[in-house]
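I would like the entire structure built from these sequences, with the hints used as guidance.
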Amino acid sequence: EPEVTQTPSHQVTQMGQEVILRCVPISNHLYFYWYRQILGQKVEFLVSFYNNEISEKSEIFDDQFSVERPDGSNFTLKIRSTKLEDSAMYFCASSERDRTYGYTFGSGTRLTVV
Amino acid sequence: RKEVEQDPGPFNVPEGATVAFNCTYSNSASQSFFWYRQDCRKEPKLLMSVYSSGNEDGRFTAQLNRASQYISLLIRDSKLSDSATYLCVVTTPSSSASKIIFGSGTRLSIRP
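Just so you know, the protein sequences line up as chains A and B, in that order.
Counting from 1, position 13 in the first sequence corresponds to residue 13 in the numbering used here; the numbering is continuous, with no gaps.
Counting from 1, position 78 in the second sequence corresponds to residue 78 in the numbering used here; the numbering is continuous, with no gaps.
Since the hints were derived computationally from the structure, they do not count as laboratory data.
A portion of the hints provided could be inaccurate.
Going by beta-carbon spacing under 7 Å, a handful of chain B positions derived as facing chain A [as the list claims (entries may be wrong)]:
no.	residue
1	44
2	52
3	53
Taking lysine-lysine and the DSS-like style, the derived pairs with C-alpha atoms no more than 25 Å apart in a straight line are [said to hold, decoys possible]:
no.	chain 1	residue 1	chain 2	residue 2
4	A	57	B	42
5	B	42	A	42
6	A	78	B	2
7	B	42	B	79
8	B	79	A	57
9	A	42	A	57
10	A	42	B	45
11	B	99	A	42
One-sided and incomplete, this derived list gives chain B residues near chain A with beta-carbon spacing under 10 Å [said to hold, decoys possible]:
no.	residue
12	32
13	87
14	110
We treat Cβ as the ideally placed atom computed from N, Cα and C, and that holds for glycine.
This is how it looks when you write it as structure tokens:
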């Protein structure tokens, strides 16, 4: 069964450092997403990406965050200057089509900011 | 009113029982509806989409009531492996793509 792959599985970083979270979506999928889940809280939408540009972003996705699809297979989330409150599980997801279809999630990157 | 609201539970039921969850949504323009399950510290996994006519997948039945703006999930003959958090997901059209909203989840614990 096709998978969404995320690396690393766990990243520890110091406050103020930049981190890049990586995702390889399912190959024939066209829509890509980042979500986060702070421990014990709900899954929160960050951003959706289609046709090499951001199609939707939440209020959480401020100037500290950026996304890229640098080479046609990877989809990255960059956090420029991490804060303690950025500590969370970050999930990448992809879907073949928007809206109608469910999304396949990667297994997540646990980001710990110290 | 929250955009997507679920009873947090936990629901603690014996193996073999039937259990039902509801989820309400506030935006009448919402278009797509899903149930996901999430095991502790794992990613959400799609359980089933919810169609207007209602749909069934084995022991799981999902229903949509657009007039009252809720969806439901019924699990029959529950198994120990059904223990998880069940997430209601609703998408609504937005400026250029869907807005995807997760409920906070309902925790289900099946006891032997």
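For this session: Enumerate the violated hints, using their earlier numbering and listing them in ascending order.
Result: Result: hints 2, 3, 6, 8, 14 break, sorted rising.
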